[in-house]
Amino acid sequence: MGNCCSSDVTATKYAIGSMREGAGALVTAESNNLEAVAAAQLITGASNFSSWVELRVSCASLKQEDLLSPSDPMAVLYEVGAGGALAEVGRTEMVANNSSPTFVKGFRLCYNFEKITRLRLKVVDLDKGENPDTVPVDKCGKLGELEFVLSEAVIAKKLTRPLATGCNHKSTVTLVTEEVTSARETLTITFAGASLRNVETFGKSDPFLEVSRLQQGDAATGTWLPVF
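Take 1 as the starting number for the sequence shown in UniProt numbering and just add one per residue.
Source of the hints: derived by calculation from the structure; they are not laboratory data. Since this is a predicted model, take the numbers as computed values, not measurements. Glycine residues also receive a C-beta, built at the ideal position from the N, C-alpha and C atoms. Any given hint might turn out to be false.
[Said to hold, decoys possible] The following label-pair restraints were derived from C-beta to C-beta distances:
{"no.": "1", "residue 1": "P162", "residue 2": "A192", "range": "40 to 48 Å"}
{"no.": "2", "residue 1": "R213", "residue 2": "V149", "range": "21 to 29 Å"}
{"no.": "3", "residue 1": "F208", "residue 2": "T186", "range": "21 to 29 Å"}
{"no.": "4", "residue 1": "G203", "residue 2": "V149", "range": "23 to 31 Å"}
{"no.": "5", "residue 1": "K204", "residue 2": "A87", "range": "30 to 38 Å"}
{"no.": "6", "residue 1": "E114", "residue 2": "D206", "range": "47 to 55 Å"}
{"no.": "7", "residue 1": "L196", "residue 2": "P136", "range": "17 to 25 Å"}
{"no.": "8", "residue 1": "D138", "residue 2": "E93", "range": "16 to 24 Å"}
{"no.": "9", "residue 1": "G203", "residue 2": "A87", "range": "18 to 26 Å"}
{"no.": "10", "residue 1": "A87", "residue 2": "N198", "range": "25 to 33 Å"}
{"no.": "11", "residue 1": "V149", "residue 2": "S195", "range": "50 to 58 Å"}
{"no.": "12", "residue 1": "V227", "residue 2": "T134", "range": "33 to 41 Å"}
{"no.": "13", "residue 1": "T186", "residue 2": "S212", "range": "14 to 22 Å"}
{"no.": "14", "residue 1": "R161", "residue 2": "T186", "range": "17 to 25 Å"}
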């Protein structure tokens, strides 16, 4: 892996483990100001031992918190500090009525090769009408959590583990990690449809477009990650 690169990120609030110990393990960085983090790494020399990685989350067989429908899950990532203190890294979007969600929003983290970075992922259930960006996590229904080391996820690239649910329900979470390159090119694509098949008995269909990219493997059997 190469050095940390600057990038515009909307999916996470912090850079993880991006400084040497003594210079601060957790660097707060607004999503549009990761260049400042990269500059700080150059000053401390940490960039020689770091690389930006992107962590994406999916779950399977989440327990049902709602009475008449599947849960509305959201994933929240924390860094575990000294004494077990938790610092929130970021949140995914909420996926409505889905017990096996694949979250589109991921977490972009600065992985320090010399530092053991412990993370905790909490999967929670939101009530209808709650704002995923501001709702207090302790007021959400608990669907499960996983504590892991960032290096474990980076080395595995695709890591599946059971969620600790506090009951006999068996749920799993999959973490897909890849290095972020320094490319800053922007590609704009416009899509249009014509004569789409109508699947509604009354009225017209309500089409939407989902865009995914191939993370690893071939097109037929590889891992596809939703990006939009």
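Hint check results:
1. At roughly 44 Å, the beta carbons of P162 and A192 sit within the given window of 40 to 48 Å.
2. The supplied range of 21 to 29 Å is met by R213 and V149, whose beta-carbon atoms lie about 26 Å from each other.
3. Judged by the Cβ atoms, the range 21 to 29 Å given for F208 and T186 holds: they are separated by roughly 23 Å.
4. As the Cβ distance of G203 to V149 is approximately 51 Å, the hint placing it in 23 to 31 Å is violated.
5. About 48 Å separates the C-beta atoms of K204 and A87, a value inconsistent with the hinted range of 30 to 38 Å.
6. At roughly 51 Å, the beta carbons of E114 and D206 sit within the given window of 47 to 55 Å.
7. Distance hint check: the CB atoms of L196 and P136 are about 42 Å apart, inconsistent with the given range 17 to 25 Å.
8. D138 and E93 have their C-beta atoms about 20 Å apart, which keeps the hinted 16 to 24 Å range intact.
9. Taken as a hint, the range 18 to 26 Å is violated for the pair G203 and A87, whose Cβ atoms sit roughly 48 Å apart.
10. Checked against the given bound of 25 to 33 Å, the beta carbons of A87 and N198, roughly 50 Å apart, lie outside it.
11. With their beta carbons about 52 Å apart, V149 and S195 fall inside the hinted range of 50 to 58 Å.
12. Roughly 25 Å separates the CB atoms of V227 and T134, a value that falls outside the hinted 33 to 41 Å.
13. In this structure the hint that T186 and S212 lie 14 to 22 Å apart at CB holds, the actual value being about 19 Å.
14. About 35 Å separates the C-beta atoms of R161 and T186, a value inconsistent with the hinted range of 17 to 25 Å.
Comparing the model with each numbered hint stated earlier shows that hints 4, 5, 7, 9, 10, 12 and 14 do not hold.
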